[in-house]
Every structure is written in C-alpha cells, then in structure tokens.
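Build the complex: two chains, separate frames, hints provided.
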Amino acid sequence: KNEVEQSPQNLTAQEGEFITINCSYSVGISALHWLQQHPGGGIVSLFMLSSGKKKHGRLIATINIQEKHSSLHITASHPRDSAVYICARNTGNQFYFGTGTSLTVIP
Amino acid sequence: EAQVTQNPRYLITVTGKKLTVTCSQNMNHEYMSWYRQDPGLGLRQIYYSMNVEVTDKGDVPEGYKVSRKEKRNFPLILESPSPNQTSLYFCASSVTYTGELFFGEGSRLTVL
Numbered sequence: 001k002n003e004v005e006q007s008p009q010n011l012t013a014q015e016g017e018f019i020t021i022n023c024s025y026s027v028g029i030s031a032l033h034w035l036q037q038h039p040g041g042g043i044v045s046l047f048m049l050s051s052g053k054k055k056h057g058r059l060i061a062t063i064n065i066q067e068k069h070s071s072l073h074i075t076a077s078h079p080r081d082s083a084v085y086i087c088a089r090n091t092g093n094q095f096y097f098g099t100g101t102s103l104t105v106i107p
Numbered sequence: 001e002a003q004v005t006q007n008p009r010y011l012i013t014v015t016g017k018k019l020t021v022t023c024s025q026n027m028n029h030e031y032m033s034w035y036r037q038d039p040g041l042g043l044r045q046i047y048y049s050m051n052v053e054v055t056d057k058g059d060v061p062e063g064y065k066v067s068r069k070e071k072r073n074f075p076l077i078l079e080s081p082s083p084n085q086t087s088l089y090f091c092a093s094s095v096t097y098t099g100e101l102f103f104g105e106g107s108r109l110t111v112l
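Protein sequence lines correspond, in order, to chains A and B.
First residue of the first sequence: 1, per this note's numbering; consecutive thereafter.
First residue of the second sequence: 1, per this note's numbering; consecutive thereafter.
Okay, chain B solo, but in the shape it has when bound (with noise of 0.2 Å):
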C-alpha cells in the first residue's frame, strides 16, 4: 500500500530535548516535505527537499533542521524544542515539486 509514514504520533516532550519526528514514504517520490498546522494559521511549511541531499527552507524554517540521506526518509530534527514549536506536524511527498501531495498521518508536538 503507498503511505507516507510518521512517528511518533504523539509525543510530549520537555524544552530543550532534542527530538526527531521521522518521515517515510514507499512511493519512490522525489520531493518531500514538512509542515506544521496552528489553529488560526493553517499549514505552513517548514523544509522541502527536491531529492537526496537537496534541500531547503520553506515559510518558517526556525528552531528545525533536516536530512535527506536516502530517497524515502526525510526525518525532521527540533535540537532544542521550544514551547512555540507545540504543534501538528505533517510530512508529505510527491512525485515531483509539482505533483500530487500524498500526506503522512500526522504528529501531535506538545513542548512543556
């Protein structure tokens, strides 16, 4: 079955201890790419990546770092998690930047 794959689903963690949220996909997608979702301000993107090891900064690239080592992983790293970065997080990929947007279940952040 094609998903995008995320974990953990939901975590609460404490400032300042770094965390990864990871991504995986098994539909050989070029561009991947993360977001976070606020009531009030919708979806906005953190990082995208075009294919391994090209990547960027999207809207609010801020307290976050990525990678893109291998094709289907594109895990997302907080090295000190900040209350403001309480949030749902999305990862999604597409065959290309102009394709379709498959998205992962989601990742419930609480920062305390």
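For reference, chain A alone in the conformation it holds in the complex (with noise of 0.2 Å):
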C-alpha cells in the first residue's frame, strides 16, 4: 500500500563527495516531498515536486513522473549535512514515505 522505496539505506561519504539518494513510487501523484531530519528529531522539509528540477543551494532535486523516479542530490557534502531523509509521496489528501536514507558526511 506504501510504496515508497528509498535507497540507499545508508550511506557513509567523505566531504566534498557528490551523493545521491533515490525513491521510487509505482501509484500516481500529487507531489513527492523531500525532507530531512536531523539527529534530534525535526523535520524539515526540502524540496516539494510535480515535474522537473529544483536547486536550492548545493541541494538538487529531480523527478521523472513517467518512471516514477526521484532523486535527490547533494553536491560538494560536507557534515552538516548528515541527516536522515525522507521522501514522501503525496497522492489525493494523503502522504506515504519512504523509510528513509541516513547520511553520515565524514571531515
């Protein structure tokens, strides 16, 4: 019923690697939501898509609505950026997500 696949689950890189996390969905949507919680619990939400690219900073994020694909990419990563995220799919009135990627960024 969920059908939100992330992968990877984990995910260990050094600063200054480019990383990206992927989801994938098999039911049409609304939007896909990308967000990130930090140890500590809060959430924050990144990035919301229907179609195409968006770049915020060193963040990008693309969908492919025909394959049903998204990704999310983080260039030139460094620490601060290790985080656990989450993408979530937005169908009708409801979201679904993923269980979530966990990046730790080693100095």
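These are computed hints drawn from the structure, not numbers from a lab.
Check each hint, because a few of them may be wrong.
Claimed, not checked - Below, in silico cross-link-like pairs of lysine to any residue (SDA-like), each with a Cα-Cα straight-line distance of 20 Å or less:
1. A/54 <-> B/100
2. B/57 <-> A/94
3. B/65 <-> A/93
4. B/57 <-> A/93
5. B/57 <-> A/92
6. B/65 <-> A/94
7. A/55 <-> B/100
8. B/71 <-> A/94
9. A/53 <-> B/99
10. A/53 <-> B/100
11. B/65 <-> B/75
12. B/57 <-> A/30
13. B/57 <-> A/68
14. A/54 <-> B/102
15. A/53 <-> A/36
16. B/71 <-> A/30
17. B/57 <-> A/90
18. A/54 <-> B/98
19. A/53 <-> B/57
20. A/68 <-> B/98
21. A/54 <-> B/99
22. B/65 <-> B/83
23. A/55 <-> B/99
Next comes the structure, spelled out in structure tokens:
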C-alpha cells in the first residue's frame, strides 16, 4: 500500500563527495516531497516537486513522472549534511513516506 | 515566527489513561495532519484535516481521534492508550493538501 522505496538505506561519504539518494513509487502522485530529519528529530521540508528539477544551494531534486522516480543530489557534501533524508509521495489528500536514507558525511 | 507547536514534547503515561496532544499553527494553513514515526516503519499518516470540521483517516487511524474546531488547532486524542501507541508523533500543516509541509518538533509518547 505504501510503495515508496528509497535507496540506499544507509550512506557514508567523505566530505566534498557528490551524493545521490533515490526514491521510487508505484502510483500516481500530486507531488513528491523530500524531507530532512536531523538527530534530535526535527523534520524540515527541502523540496516539493511535481515535475522537472529544483535547486536550493548545494541540493538538487529531480523527478521523472513517467518512470515514477525521484533523486536528491547533494553537491560538495559537508558534515552538517549528516541527517536522515525522507521521500514522501502526496497522492490525493494523503501522504506516504519512504523509510529514509541515513547519510553520514565524514570530515 | 511561522511555526507549528506541539505539546507535550515528552510524555510517559499508563495504559488506558486518556491523553491529548495539542497542535497549533500560526500560518493560517488549511491542511493539517498527524503522523507517527516508528523505527523501521518510517512516518505514517494517522489523520488529516482539509479545513475546519473536515477530517479524515490516514493510513493508521486505529486508536486515535482528532477534531478541527478552529483553523489553527488540530489536537490528537488517545482515548485509551495502549503500549503499541508508544511512538514519536509529528503534527504538520500546509497551505493546501498539495503544499509544502511544515512540521512541529515532535512529541515522544511512552505508554506503559
């Protein structure tokens, strides 16, 4: 029923590396959201996409509606990017979430 | 400051003792929703509200109630809490159901 799959589940990178997190889903969507959750629990919205590509600073999010796939890219990763990244699909009035990708960036 | 405020942030209670977790937003958002987050399962939607007096079930509504009498408030009620409702709860709001979500800081609930 959920069918929001994220990969990888865990990711460790060296500072400065380019990072990609993938999200796939199997039903139609109104929008696709990327969220960030830091240790300590607070959740922040990074992007909301219904088509194409968005960029905010070092973060880029893309979506391919036909393939039902989205990616979150982090360029020039930094230790402060260490967090859990969560993909969520908005279908109708409801939200369904992936289980998250835990990213650790090592100095 | 635009924010979503949840209370309490931490609560330990016992089975069967009714409790309410409050959620308030100051952004005049129409859409509000509740989620629980459990290890390995991620976030799951409990209930949502499209506007005042309009609420509907999410993915995991069993054991919970909600009400939306005012636009800014969306309390989550556990009439008879059970240990399987031990979880981290988040409230969120957005302009509409297709908008960017703004989350509260979370409420960690333990039911003994």
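Structure-based check of each hint:
1. A/54 <-> B/100: OK: residue 54 of chain A and residue 100 of chain B at ~14 Å, within 20 Å.
2. B/57 <-> A/94: Within the cut-off at roughly 9 Å; holds.
3. B/65 <-> A/93: Status holds; Cα separation ~18 Å.
4. B/57 <-> A/93: holds, 10 Å
5. B/57 <-> A/92: holds, 13 Å
6. B/65 <-> A/94: Holds, at about 17 Å.
7. A/55 <-> B/100: The hint holds at about 15 Å.
8. B/71 <-> A/94: Status holds; Cα separation ~19 Å.
9. A/53 <-> B/99: holds, 17 Å
10. A/53 <-> B/100: holds, 16 Å
11. B/65 <-> B/75: Status holds; Cα separation ~8 Å.
12. B/57 <-> A/30: Holds: residue 57 of chain B and residue 30 of chain A sit about 18 Å apart, inside 20 Å.
13. B/57 <-> A/68: Roughly 25 Å separates the two Cα atoms, so the pair is violated.
14. A/54 <-> B/102: holds, 19 Å
15. A/53 <-> A/36: Holds, because 18 Å separates the two Cα atoms, which is no more than 20 Å.
16. B/71 <-> A/30: violated, 23 Å
17. B/57 <-> A/90: The hint holds at about 15 Å.
18. A/54 <-> B/98: holds, 17 Å
19. A/53 <-> B/57: violated, 32 Å
20. A/68 <-> B/98: It holds: about 18 Å lies between the C-alpha atoms, which stays within 20 Å.
21. A/54 <-> B/99: Distance ~15 Å between residue 54 of chain A and residue 99 of chain B Cα, so the pair holds.
22. B/65 <-> B/83: Measuring from Cα to Cα gives roughly 17 Å; hence the hint holds.
23. A/55 <-> B/99: Roughly 17 Å between the alpha carbons, so the hint for residue 55 of chain A and residue 99 of chain B holds.
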